[in-house]
Amino acid sequence: MATEPESPAEEIRHLRRSINDLVSVLALPATWTGGAPSQIVGNSLDALVRILSLDFIYARLRESTGPAFTEMVRVGSNWESKPRPEEIGEKLQPWLENDPQQLPAVVKNLFGKPVITLVPLQLGLHAEIGVIVAGSQRADFPQQTERLVLNIAANQAAIGLRESGLLSAQKRVASELDERVAERTRELATINEELRKEIGERKKKEEELRLNEEALRLAHTQIAQSEERWRSVFENSAIGVALSGLDGRYIAANPVFQKMLGYTEEELEQLRFLDITVEEDREANWKLVQELLGGERRQFQIEKQYRQKNGRAVWARNTVSMVTGSEGVPQFWMALSEDVTEQHEAKVALDKARSDLAHVARVSTLSALTASIAHEVNQPLSGIVTNASTCLRMLDADPPNLEGARETARRTIRDGNRASEVIKRLRALFSKKNTAFDSFDLNEAAKEVIALSVSELQRNRVIPQLDLAAGLPSVLGDRIQIQQVILNLIRNSSDAMSTVADGPRELLIKTDRDESGGVRLSVRDTGAGIDPKVEEKLFEAFYTTKSDGMGIGLCISRSIMESHQGRLWAIRNEGRGATFIFSIPCRTNT
Amino acid sequence: MKLSDGKSITDRPLVVVVDDDESVRESLPDLLGEFGFDARVFPSAEEFLVSDSLGQTKCLVLDIAMPGMTGFELQQELTVRGQKIPIIFITAQKDETVRTRALERGAMGFLLKPFSDTALLGALNVALGLR
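Chains H and Z are the protein sequences, given in the same order.
Take the first sequence: its position 390, counted from the start at 1, is 390 in the numbering used here, and no numbers get skipped.
Take the second sequence: its position 11, counted from the start at 1, is 1011 in the numbering used here, and no numbers get skipped.
Think of the hints as simulated: they come from the structure by calculation, not from any bench.
Don't take each hint at face value.
Footprint (simulated), chain H over chain Z, 3 or more residues, beta carbon under 8 Å [stated by the list, open to error]:
| hint | segment |
| --- | --- |
| 1 | 1036–1045 |
| 2 | 1074–1085 |
| 3 | 1107–1118 |
Heads up, incomplete: computed chain H residues facing chain Z, CB under 10 Å, no partners named [stated by the list, open to error]:
| hint | residue |
| --- | --- |
| 4 | E338 |
| 5 | V340 |
| 6 | T341 |
| 7 | Q343 |
| 8 | A346 |
| 9 | N378 |
| 10 | N387 |
| 11 | L392 |
| 12 | R411 |
Label pairs and their computed distance ranges (CB to CB) [to be verified]:
| hint | chain 1 | residue 1 | chain 2 | residue 2 | range |
| --- | --- | --- | --- | --- | --- |
| 13 | Z | L1128 | H | Q458 | 44 to 54 Å |
| 14 | Z | G1082 | H | R406 | 39 to 49 Å |
| 15 | Z | T1100 | H | V340 | 26 to 36 Å |
| 16 | Z | S1051 | H | S563 | 16 to 26 Å |
| 17 | Z | E1047 | H | I463 | 10 to 20 Å |
| 18 | Z | R1081 | H | S563 | 51 to 61 Å |
| 19 | Z | R1105 | H | E403 | 35 to 45 Å |
| 20 | H | E562 | Z | G1082 | 31 to 41 Å |
| 21 | H | D531 | Z | N1125 | 50 to 60 Å |
| 22 | Z | S1051 | H | P400 | 40 to 50 Å |
| 23 | H | S474 | Z | E1047 | 38 to 48 Å |
| 24 | H | D531 | Z | S1116 | 27 to 37 Å |
| 25 | Z | S1116 | H | I463 | 48 to 58 Å |
Ideal Cβ positions, reconstructed from N, Cα and C, are used throughout, including at glycine.
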């Protein structure tokens, strides 16, 4: 196209051509009605590159969502190769990224062309739809009419694209709507079907309910009768019955329970069970109730003390069980309570009697011990006194017998040491606290007792023999009590042999392990043995074969052993005499 | 042996001690020697009975509680044999019934161990009719 001033004919031809261009551009929308965006833009680009004899025209369309875009390009017929839209887009990047208004730009050496003029066109007011860039090598590009054609084409394309977008959105909405309607219709159909079923069932249930109500009326009458019976059991029970809610508050109590505690039912309903439980029983009782509430147990027994309204304590043996509803949910608990105060007092009295008896036995064994102690200590004292007197006399003589005095002085010292040995042994025997449980060596304890008994045994012409096992484990217990048992067994055996005129008087004291892992001590004699007729009475209190005995030694010894989780028993020997044996658990067993 | 009072060994009255306790058997002879007696000891009644001292004994210092034959049994045995030897009982057991029993049976003395030298001398003097 020439750029020189045109002749009138030339100018008219030019204008006509321009008007034709405009008409064909304006006609474009008719070709793309209802088309896709790529079709709209493609048609426009085809038309423009042809009408305006452009070198190329490039379009970049933004996707409606996200940063992605679509690129398209058309090139003029003078181009040998057909570049891909991305290549063009990449080259145009510096101008596309910035404000497209800065164009037209005259750019050198683009796409292998020496000079090229670029014209940008916005799609949408702020290029929100996209950008079109037209390029031509022509020196007069763009002429005014060309600019008009480009602008109109761009506007039409923008309108077309917007319409296309709206249309597809409408379609989407319409199809979504259809889908939802269909879905809802299906739902309604289902609901309808369910309703039909439900109505049928309801009718059935109403019939059932009617029948049930009749049955219920009947049952109510029966329950009322049953309740009356139970109420009667509750009221007239010989045992105390109390119901407590889950918060521990009483909800009902029968007359026996009320009488036992001295509270009326109304007063009890203001109290919780712990309020009237004595301090020292609360913790244990509370723990058991917690386990009941937690479902760990269905029932428990407890013997505890209540504090009566008048302040007196009363012993009760309670059986407590949880009462659950139909769903297994705890509702309240029930305590069956028996007043065992009398039994308890009797037991306390019995315990006291037993401990008194034990005390008597201890005193009697101790007094027996004291006699033998006196003997043990007095023997060496006697030596000391005699030697010292002799020594003084020898020194007072004229001339003094120095040799003799020295010898008697030496003996005095030796007897003094002997006496202190005895004292030391006795101190070891008595230094232990009376009721202290401690671990100790049974062999050592036995040896101490035997050492103190030797002279008494010798007087009875009894020859004691020891067979003490080595390496026995320590036993746990009250050392002096166990020594009393040993002493008692030794004395019994010794006495049993003193009535035998002929035959040897042999006493064998033996220790070893027993089958259950404990330690065993046996005292075997060659005495009169055990008369089968009295065998069962041996361990009974106040049974004795001795004229001067109280008959409590073996009874107390057995109760001492039992309090040590041990055992005491007697067997008849194959030959003469009897063997008394006790076993006591060793320390690791307890 | 030269004695303090100048008498020969045979002139001195023989006092016999029978006791199972060794310290008594060791200490008493020296004291008895200081008193001017001849002394012999036996650990048991049985040994004394078979010894040749039996006939020479002027006084017996006798323990009551002994293994084997007791002091009382020896006393009875001597009576049976017609041996009239004055007896002084000695014992470590403080028991009134034993003392009463001993004196009833004709004991010349009853001493509780430990006893003093003067108590023993007094008892010996009585037993031997020296006072």
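A quick look at each hint next to the structure:
no.: 1; hint: 1036–1045; result: violated (count 0)
no.: 2; hint: 1074–1085; result: violated (count 0)
no.: 3; hint: 1107–1118; result: holds (count 6)
no.: 4; hint: E338; result: 56 Å, violated
no.: 5; hint: V340; result: 51 Å, violated
no.: 6; hint: T341; result: 50 Å, violated
no.: 7; hint: Q343; result: 47 Å, violated
no.: 8; hint: A346; result: 42 Å, violated
no.: 9; hint: N378; result: 4 Å, holds
no.: 10; hint: N387; result: 5 Å, holds
no.: 11; hint: L392; result: 8 Å, holds
no.: 12; hint: R411; result: 6 Å, holds
no.: 13; hint: L1128/Z to Q458/H: 44 to 54 Å; result: 31 Å, violated
no.: 14; hint: G1082/Z to R406/H: 39 to 49 Å; result: 44 Å, holds
no.: 15; hint: T1100/Z to V340/H: 26 to 36 Å; result: 56 Å, violated
no.: 16; hint: S1051/Z to S563/H: 16 to 26 Å; result: 54 Å, violated
no.: 17; hint: E1047/Z to I463/H: 10 to 20 Å; result: 18 Å, holds
no.: 18; hint: R1081/Z to S563/H: 51 to 61 Å; result: 55 Å, holds
no.: 19; hint: R1105/Z to E403/H: 35 to 45 Å; result: 40 Å, holds
no.: 20; hint: E562/H to G1082/Z: 31 to 41 Å; result: 58 Å, violated
no.: 21; hint: D531/H to N1125/Z: 50 to 60 Å; result: 54 Å, holds
no.: 22; hint: S1051/Z to P400/H: 40 to 50 Å; result: 33 Å, violated
no.: 23; hint: S474/H to E1047/Z: 38 to 48 Å; result: 45 Å, holds
no.: 24; hint: D531/H to S1116/Z: 27 to 37 Å; result: 50 Å, violated
no.: 25; hint: S1116/Z to I463/H: 48 to 58 Å; result: 35 Å, violated
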